[in-house]
Each structure stands twice: as structure tokens, then as C-alpha cells.
Amino acid sequence: MDIKREDLLQLYYYLKLTRRLEERVTSLYHQGRILGGAWTSNGTEAISVGYGYALEKNDIAAPYFRDMGVFLIRGISAKRIMAQYFGKKTGVTGGKEGNVHIGDLNFGVFGFPSHLADNYPVGTGAALAFKIRGEKRVIAACTGDGGTSRGDFHEGMNFASVRKLPIVFICNNNKYAYSTPLKLQMAIKDVAERALAYGMPSKIVDGNNAVEVYKAAKEAYDIARNGGGPTFIECKTMRMHGHSEHDSAKYVPRELLEEWKKRDPVLHMEKYFMENNVAGKEELDGIDSRVKKEIEEAEAFAEESPYPNPEDGLKGLYATPIEKEQRI
Amino acid sequence: MDIKREDLLQLYYYLKLTRRLEERVTSLYHQGRILGGAWTSNGTEAISVGYGYALEKNDIAAPYFRDMGVFLIRGISAKRIMAQYFGKKTGVTGGKEGNVHIGDLNFGVFGFPSHLADNYPVGTGAALAFKIRGEKRVIAACTGDGGTSRGDFHEGMNFASVRKLPIVFICNNNKYAYSTPLKLQMAIKDVAERALAYGMPSKIVDGNNAVEVYKAAKEAYDIARNGGGPTFIECKTMRMHGHSEHDSAKYVPRELLEEWKKRDPVLHMEKYFMENNVAGKEELDGIDSRVKKEIEEAEAFAEESPYPNPEDGLKGLYATPIEKEQRI
Amino acid sequence: MKEITYLDAIKEAMDEEMARDTSVFILGEDVGVYGGAFRVTEGLSDKYGEWRVLDTPLSESGFTGAAIGAALVGMRPIVEMQFADFISCAFDQLVNVAAKNHYRWGGATPIVVRAPYGGNIHGGAFHSQCIEGFFFNIPGLKIVAPSTAYDAKGLLKASIRDNDPVIYCEHKYLYRRIKDTVPEEDYVVPIGKARIALEGTDVSVITYGAMVHTALEASQLLKQKGISCEIIDLRTILPLDKKAIFNTVKKTNKVVVLHEQTKTGGVGAEVSALINEYCFDYLDGPVIRVAAPDTPVPYSAQMEEAFIPQGKDVVSAIEKLMRY
Amino acid sequence: MKEITYLDAIKEAMDEEMARDTSVFILGEDVGVYGGAFRVTEGLSDKYGEWRVLDTPLSESGFTGAAIGAALVGMRPIVEMQFADFISCAFDQLVNVAAKNHYRWGGATPIVVRAPYGGNIHGGAFHSQCIEGFFFNIPGLKIVAPSTAYDAKGLLKASIRDNDPVIYCEHKYLYRRIKDTVPEEDYVVPIGKARIALEGTDVSVITYGAMVHTALEASQLLKQKGISCEIIDLRTILPLDKKAIFNTVKKTNKVVVLHEQTKTGGVGAEVSALINEYCFDYLDGPVIRVAAPDTPVPYSAQMEEAFIPQGKDVVSAIEKLMRY
Ligand SMILES: Cc1ncc(C[n+]2csc(CCOP(=O)(O)OP(=O)(O)O)c2C)c(N)n1
Ligand SMILES: Cc1ncc(C[n+]2csc(CCOP(=O)(O)OP(=O)(O)O)c2C)c(N)n1
Ligand SMILES: [Mg+2]
Ligand SMILES: [Mg+2]
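From first to last, the protein sequence lines are chains F, E, U and W. So the first sequence is numbered by the numbering used here: it starts at 23 and just counts up by one. So the second sequence is numbered by the numbering used here: it starts at 23 and just counts up by one. So the third sequence is numbered by the numbering used here: it starts at 377 and just counts up by one. So the fourth sequence is numbered by the numbering used here: it starts at 377 and just counts up by one.
These aren't lab readings, by the way, just hints derived from the structure by calculation. Do not take every clue at face value.
List of simulated lysine-lysine pairs, DSS-like, C-alpha gap at most 25 Å [claimed, not checked]:
#1 Lys688/W to Lys153/E
#2 Lys619/U to Lys423/W
#3 Lys569/W to Lys555/W
#4 Lys186/E to Lys186/F
#5 Lys337/F to Lys696/U
#6 Lys337/E to Lys627/W
#7 Lys303/F to Lys283/F
#8 Lys237/E to Lys197/F
#9 Lys186/F to Lys303/E
#10 Lys211/E to Lys211/F
#11 Lys337/E to Lys618/W
#12 Lys197/E to Lys225/F
#13 Lys599/W to Lys533/W
#14 Lys205/F to Lys599/W
#15 Lys569/U to Lys337/F
#16 Lys337/F to Lys688/W
#17 Lys197/F to Lys158/F
#18 Lys696/U to Lys696/W
#19 Lys284/E to Lys303/E
#20 Lys555/W to Lys186/E
#21 Lys337/E to Lys626/U
#22 Lys696/W to Lys618/U
#23 Lys186/E to Lys211/F
#24 Lys337/E to Lys619/W
#25 Lys423/W to Lys272/F
#26 Lys211/E to Lys186/F
#27 Lys205/F to Lys337/E
#28 Lys688/U to Lys272/E
#29 Lys696/U to Lys618/W
#30 Lys696/U to Lys626/W
#31 Lys303/E to Lys225/F
#32 Lys696/W to Lys626/U
#33 Lys205/E to Lys423/U
#34 Lys153/E to Lys211/F
#35 Lys283/F to Lys314/F
The model shown is predicted, which means the values in this text are computed figures rather than measured ones.
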């Protein structure tokens, strides 16, 4: 599959944007300036950037919590995301939700329900709608390696496969679910083996290579879009921070981190760009400056934004409010 | 694996007992003499008889609703089962439950919760207990082909495999889940493929051959008992009646029934006995007479038994009643 | 006007809504060719095809989750639980995804979950449960429970057109046992509005579902004793029609709350607490609850009859209250 | 006697019970080497090994079901939910298997499910829920919710020794925020018994969990105004200690029910309904409920503070009631 230079540069831009945004969030967390905890995709950004960028405008993403790249690519601005972390009224959810618990149908992004793998059946349903209506749209749903142990993973995968629905299931296999290593999570070598139970084709890709993830996703979307049914894509990577910033992750062997540090997705892409003459240092620095500025502006926006009003919390329960609802 | 003549005859006895008991229940249902509906294992009895008979005394069964053979083999008498169908006080559950919703820890049988596959994780837990305590016991848990689509199937299988627990998972694949054919249930050829997702060994057996089921189960129990972990056994069969007796099963092609009628497990075993000189017609007739008498006695017992008292329904909620429970 | 059964009312509502709006579709176990375990969807798959009356794998969480996803992209799915009892398997999707989508991030989730519930059919603990208690403390859901064919049809239409997740409790004991008249033309029964099933002056019975008929039966017996009952059929359980509840309390000053659901933590507790909180000065006696005892639904005929509130239980509660 | 935190009380209870009885074991996500998301099981895996403090795959239904099966063959499993919110995924196993086993077929199911619940931690809708409402209408379960270290330890021990499934609601806001004294020797706090957290004469506040501390705070403010509060800490939510509730009503004749759980269908509804039913003549005013509004738990600090009942809310409810 060919990939245009401009797409490569965009992938790089989003990779950097995701990295720098989450790095900033991490600092802010340690400064006590954001509200609540901080979960990041640090070191694994290529996954959400790759599968997110391969989606088309009318497609949908049903992400999980290490998918910051998807939010940004779909068009949810860094400003709104930063404000979300600050618990501000201008945040994606107006303060109703925090951090990565984001969704916005205007940008084709389903909300992430914390309960892992819940978005697998939910995504399957969107794909079912596309199929019923004869639309050439696809949806990508993502979860972690731990999430694949949940019943909803099973039920979503099975249903999608039986009905050959236009959905692509992504798995961020970062070797740990919180402190739980893969070997206590499943008795198989590759998460992709799970797909065998559904007669679903699967692929294993280097989750630290945004281009590879992008290509694999794009290919799978094309198949799904054309009636070929779902694909499961396992993206192998390594979680480089703790589960969240409050977790020092002592349970992870140092060597493993050392090894994967060398495979950092940003470095990887920069090396690829140099070797293939896609872009030189200067151009990349230019992108980085743009990213830095965007994050600075986002932070300023978040800082300056007002907090929600206490009574805002009473609004929005129903989409169809009850006639003359009796608030007593 | 060798199998003793006396075991073969016992298998035949239980096969007949199961068949005749459920046939009688079916008649009684059509006469309006039992309480509620009638689900039977007609034509698929070899499965529960085979895997039930292979269990040892201290083992446990976590059955589903087409496992009448297991109840009988474990020692729950035809009398108590018939009384259960009549909704009598002498029934297995004293009238609290009906028909196949039976369990009795005195005989190592877990209750069947209607919610299909719920007994997969529950069985896994018993196996976990055996492992923690270092006991050489195993548990067999069973569900239908439809039941394998449930999340609890997935979560139970996965956990058992990760921890190599002494459990054997049985699946009665009778080609339908109520009206739903296999092809709308899963996109794989054999249910056994489901086991691949857990790195669990599996076997496919002729579910209409009690001896084959028995042998496969026994082998799997031995492995599990000796620390070798779980096995999944798919028993291929065909549901010969409707989902329950009120279902005429028009959705099942005639030819399929014709074909499988020839493979009836009782006929199959009788033929095997003749061909291998295990037993002659006379001996088998003798067993059948014994079975008939047992069923007649069971029915008489059920008929004569008293109904529960209305207030019995208020008893037994808790195993540890609340001190001076204030019944108001 | 025409007379139809409760079951046909449900079917007609689906049929008409599917004809009216192509975004409406049905999914669940055996709803297609077979027409559902209770035959509520019979014939619809012939009419609308297997993709709009869709047989799913045996996986309540999976197909409820799928309904949610389809709803988020503009469909109006109707999920059939084969028995309401199996909704327990979809609890997480309903409570954490469907109920919270709109509040959390603005995702409207117009799904209807049809839950054939209730006892009196010798079904035992797994085929007789009242499941409204599973969801009654969950903000974001709506729960309706019709007692007549008219309401069954009108409430189902309203539920389908509503933009929020609605749990539609259809009492399976009523399916073929009751019949009443419905208009030929399109109508809805608005969610959130109770009705007066019987006007009366001495005592109010606040109830819903199959128990409305039990209350009516009791009112006949009481009439002979000179006691005039007002019966309020809640129709919508979540959110409750507080105005209708308070109006009847203010009128009769004596209240019995009746439901088939087990007593502790039931809908009756909320109704009683609301009355206590807002109509305390209007009460001429305690609010008495008549409800199933706190046990699973027993199987045998004798125990089940004792379990499910009967007309005579309502009569004696009211007589006790009248002596107050 | 020694002073320990609420969190340490929970840990000590498990530690001592595991030492006493080899059938007690813990399972859940990250409870082993990591010591649990809140570090409640820290150190126990070193002491009892990886098979008695067992890390499970990410599968609440699976490991809760497994706990049930282990319990049926004589173990006493303690299930840790990483956050109470995830108990929704195990709803079916708890409601249909654990709760009904003994009633249906005599299978005693001695499991304890530890549910770190409640808000005030900026956790949002999925990390702050009060989950007692999920199970309050389910006969066969027991639900406890300690408010002090003393009760946390004693109730957990009682729960572990109990032969029924117990949902143990531990308020995560209290983990490290409160400390009190517990005896050196073994003790239990019996399930089903409330306690008087503060004796008083003018008004009763019936509550549980973190709200006991809110009630105590309110009582201080009210004391200055000459109002004497009696505070009842329910400790066990299912089944409720009716005697304790009725005793305080008979004493003060005025009741506020307070909980963090959302209002509609909450525990407060049942408490109010019971009082109405059985103590009607003792009431000098309506039973007022102070509870969270009917929405998911909002994330932002401002909204969450407005959502969770505060001392001032209790004060104004009581002042309103005193004017009655
Ligand atoms: C159903 C459910 N149970 C528990 C949790 C708590 N939890 C949050 S993240 C996490 C680990 C997730 O591991 P994995 O799926 O591998 O994703 P990763 O964090 O590694 O990206 C857990 C247990 C949850 N979110 N959902
Ligand atoms: C979770 C759940 N959903 C729905 C049902 C209703 N139901 C009872 S049996 C059945 C079909 C079961 O099919 P299968 O597992 O293949 O078993 P079989 O009846 O063919 O032996 C269904 C849908 C159920 N028991 N449990
Ligand atoms: Mg992971
Ligand atoms: Mg089947």
C-alpha cells in the first residue's frame, strides 16, 4: 500500500501532538494542576494515531482510554481536551466527565465507558446499523490486552463475525493490564489467537510503528467497507509508564523498558523519515514547534476557562426530558 | 482405554433410565399433569450419561438443562426428580424450583442457573478450590452450543486455562439454540475452535455414542486430576425434539432429523453390544424392565407425595439467618 | 376502535413503528423466523426481512451493547429479552453505557428493551422475576410497565420515539389474558404520565402492571362493603408521575401501594417515601405496601400463589387501613 | 486497643481471617503482588502466596462466578472489585446465582464481595458510584457498609464467617481519612445490627457509610443551635435493622434519612416507607430524605460537591423539619 508524503507528515504531527499533550498532562498532574488521575498512552501512541488516521470522515471510532491520538485526529481540539483535564466548562464534556472519558458524535467518536471492552459490542452495533442501511462506513473499536478477557469482548467479536459487519477490532497489547502480566491474563502467545474462536481474520502488527498500524487498519477498513467483514488487529507494544501516573510500575522488569525505549514510536518514525528522505530535521522541528505552540495555547485556554456551575450537574440526564418534569 | 463390561451395562442402564424418564415426563406434560414446561435431552442422552458416568464419587458436576443423565448417575433418584416435575414437596428442591433446575451438594451436583454458561465460571471456581487445597478432584461443567456465545463462557474458559485448573468443559452441540441454527450463532465450523482462544486442548466426539463420550471425558478428567489443566469437549449431536415440548421445531429440516434418528444413542449402543457380544437382547430387556419399573414407582411416588405448604416459600432465603430476624 | 390482546398491542406497535420509520428494528434471540419465545414478533421478519428482525447469538450483553451502538448512529433498536430475567446479563451495558451516555458526553441512546416479566406462570426464580428493581435506582433510564392493551401499544410507540433508553416491562401473564380497545389511528401514551384506572373516594391503590387487575378485582369486593377505591396505574415507573400520586393522596388521604415486585427496595418504597415527604399532612393513616415477600419467586403452585399478591391481600390491607 | 485507619482495618480483618481459616482467600484484579489498586491487600500475597491472594484475568463475572463455585465446595472467597463500579459486570452471577443458590436448591454461598464505592474523589461516573441500589431489591444478598475502622474490621470478619453472599461496601473516601480504635483481640460486628453513632433527643438522622461523618459534622453545627441529633449508623443495609430504626423514631419523632446514593429508589425510600408503615403515629413530621440528585456522579469539583450531600444540606433539612 502506498502512502502519500503528506499523510506521513500528518501521522508524524499527530504522533507528536499526542506525545506532547500527554507529557504535558503528566507534568500538570504532578504539579497537582489537573483534576483526578492521569492515564497516558506514552510510548504506544502509534496505535491510536495509526488506526485513527486510517479512518475516513464518516467512519466512527469507539476508543478506549489510551487512544488520545484518535480524539485529536477526529477533530476534538487539544484545547477542549486540556480543559477537560482541568475540569472546566469548556472541556469536551463540560466538566461532566474527566480526562480521557471523552466522546463527541460531531466528530464520530463514541464515548469511552471505563468498563473495558464494553465498546466492542457497542461498536458492533454501529457496524450493524451501517450494514442495515447499506452505508459504506466502518467503525474501529479498541481495547487493551486485559480487556480481551471480558465477556463483552467475546460477545461483540462473535456477533460481528457471524453477521460479517463492517467493524475492525483493535487491541493495544502493551503486555500489562495494570500490574497483571499477559501470562496471568491468557494462556496464549498472541492475543490475535483469540480471533480464531470467531472465525475472524487477524493481523499482528508492530504497535510502535504508526505507518504499519495505519496500513493494516486501512486495509482492514477497506475489506470491512466492501462487505468482507471484521478483522482483529493486535498491535504489539509496551506500556512505558505505570498504569497511571500514580503507579511506579515496580512490577515491570527494567530490561523490558530499556528494550522498548529503543523502539519508541516517535524515534522510529523520525528514523524512517530520515532514511527514506521523507523529511529532514528542519521540517520535523517545524512540526514540533507547531505542536508545542498548540499545547501551550491549549493549556492557556484551559487555565482561563471558567469552571462549570454547580447546578450544571443537574442538566442533561435525558435527551427527551419528561414533559413538565417535576423537580421536587 | 479399556472399559469394563459392568460399566458398559451401567451406561446402558442410565441411558435407558434417562430416555424413559424424559419420555414419561413428555407424556405427562401433554396430559397436563406436570407443573410448567418440559425440556428434554431426547436423542442426546449419551452426552450427560457419558460425561456423568466418567466422574468419580468426590468429583462435581455443574450441569445445564439437558443433563438428566448426570442427575441420575450422581444419585439423585428418579423419584425425587419426578416429584420435582410435579411441583411436590418431595421433589429435589421441595417445590422451590421446577423440572431440570436441580442441584444437590450431597451428590456433588451444582444447581443449574437458567442463565446459560453461568456454570462455566462457577465450575471454574470449584476447580480453583480443588487446586488451592491440593485435592485430586475434578469438575465437569456443561452448556449448549448457544451457551458458548455468552461472555461467561469466555471468562470461565479463560480463567481455567490461565490457572490450569482441574475442570473439563463439555458442550452439547445439538445444532440449534432454540430456533437459532449454528450458522447464526458462530462463524466457525466446530464449537471446539472456541478453545483455541484460551490455549485449551479440545476434543470433538460423537455425542450419540455414550462410550465415546465416556472415554473422552474420563481421559480429560485424568489429565485435569493430575495437574494437566482443562479440556474442552465438543459433543456433536442433534436435538430431536423442539426446544421444549411446546415448540414444534418447524424450523428444523426434516432430513436432518431423519438422518440423526438413525444414529439414536440407544440404538447405537444396542447395536454395539450385539456386535461385540457385550450383552444379548434378553439381558437388555431385563435392564429395560428394571428401568420401566423404576419410572413407574417414581411416578407413583410423585403422585402420592404432598404439595408443599404455601408458607414453605418463606423459608430458606439465607443459610445464616439474621439474628432475631424481624419478620414484619 | 378494535379489541386486541395485550400481546397483539405490542406487536402492532412494533409493526406500525417499523413501517413508519426505517430506523426501527428488532434484535434478540429467536425473534426472526421463530417469532420470539412468546410469539410477540411473529410475522414481522416476513414483513421486514432478517436484517430488521434480527436473530442474535445467545448474548444479552452483546446484543444490548449492539443496540446502544446502533442507536448512537441514528437507529431505534428494540431489544427483546427472551425472558426479562436474562436482562441481568446486559446490566452493565444498560447501567453504565446506555443510562450514562447522554449525561456524560451527550450521546443520545434511543433504545427500547422489551422485558417479558412477572410470575403466575409456574416459571420459578429464573422465568418470573420483576426486574424493575434492578434499574430503579439508575438515573438515565426510563422504565414503563403497561397494564392494558391500549397502554401497551401507546407506551411502546412512545418508547420507540423517545430519545432515551427505555426498559419496557411487558407482563407476560397478561399477553393473551387481557383484551381491550385501541384506536385505529396512531396514538401514543406519553412516558411519565400515570392514569386513573378507577375513580374513587375512600382509599387510593397505587400500582402498575398485572397488579392493576388485582386491584380492580379487590375494588369490586370492597365496593360491596361500601368502600370506594381509586386506582392509580403508574404506567411509567421511572420517572414517577409525582403529580398524579400526590393528587390521589390529597383526594382520599389513604394509600395502599401494590406491586408484584418483592417488597424491600421496591417501587412502593419510593412511592411511600414521596408521599411521606410531600403529602404528610394529607395522610389519614400509614401508607401500606402490599408486595411479594423478600424471596426469589418459588416454583410450586402453592408457594407461588402465596408469593404473588392476591385480591384478598389488597382487601385486607385496605380494611385494616380503613379502620385506622 | 490501637488506632488504625479504615483501610488498615479492612486489611487486618482479611489477614486475621486468612490466618485463622485456610478456606479464606482473596481474588480479583491486581490484588496479588501489586496489593490492589487501593493497596488494601498489600503484603498479603507475600504472606499467603499467590494462590490465596490471586490475580485474575480482567473479568468480573468470571472471577465472581469462580468465587461462587469455590464457596459451594467449602471455601470462603473474598472478591475484590477494583472499583465498586465494575460490579455491574458481575451482576448476573451475584443476582441469579449467588443470591438464589440457597433458596433454590440449598447451596450455601459464603462469598464476600468487597466494593470500594462512593465519590468525593473526582472520579466521575465510573469510579464514584454507590452500588447498593443495584442489589437492594435482591432477596438473598446481604449488604453491609461500615463507617468506622472498628466496624470495617468487625463487619468484614462477620461477612467472611457468614454463610451467605455479602456485598461489603467500603467507602474509598474513608480509606486513609479516618482512624479509630479497635480491640487487640478478635471481635465481630454482627450483620443486621445498626448502632447509635450519637445519642440525641430532638431528631434522628438515619444514615450509613461516609455520610455518618457528614451527619456528625451537621450535628455539631446543630448543637450550637440547641438541636440534639441522634445519629443511627445502619451498618447493614440489607436486611435493615428495623428495630433500631423504629426505636429512634419512637424516641425523637422526627427523621431525616441521609445517603450519598441517588435519591429515587435509594435505601432512604425503604427506611422512610418502613417508618411510615410501622411508626406512623410516632411521627411529628415527614421523613425527609437528603440524598444525591438523580444523575450520574459528575466529575468536576463544583458539580461533584453539589452532588454529594454536605453537612449544610443536613442542617437545613433538619431546621426545616424542626419548624414543622
Ligand atoms: C470491567 C473493568 N474492570 C476493571 C477495570 C479497572 N481497570 C482500568 S484499566 C485496567 C487494566 C487494563 O488493562 P488493559 O486492558 O491491558 O489496558 P492497558 O491499561 O494496558 O492499556 C483495569 C483493570 C476496568 N476499567 N473495567
Ligand atoms: C443467558 C440466557 N439467555 C437466554 C436464555 C433462554 N434460553 C433457554 S435455552 C436457550 C437456547 C439454548 O441453546 P443451547 O445453548 O444451544 O442449548 P440447547 O437448548 O440447544 O441444548 C435459550 C435462548 C437462557 N437460558 N439464558
Ligand atoms: Mg494492557
Ligand atoms: Mg443447542
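Hints that the structure is at odds with (numbers, increasing)
Violated hints: 1, 2, 4, 5, 6, 8, 9, 12, 13, 14, 17, 18, 20, 21, 27, 28, 31; rest satisfied.
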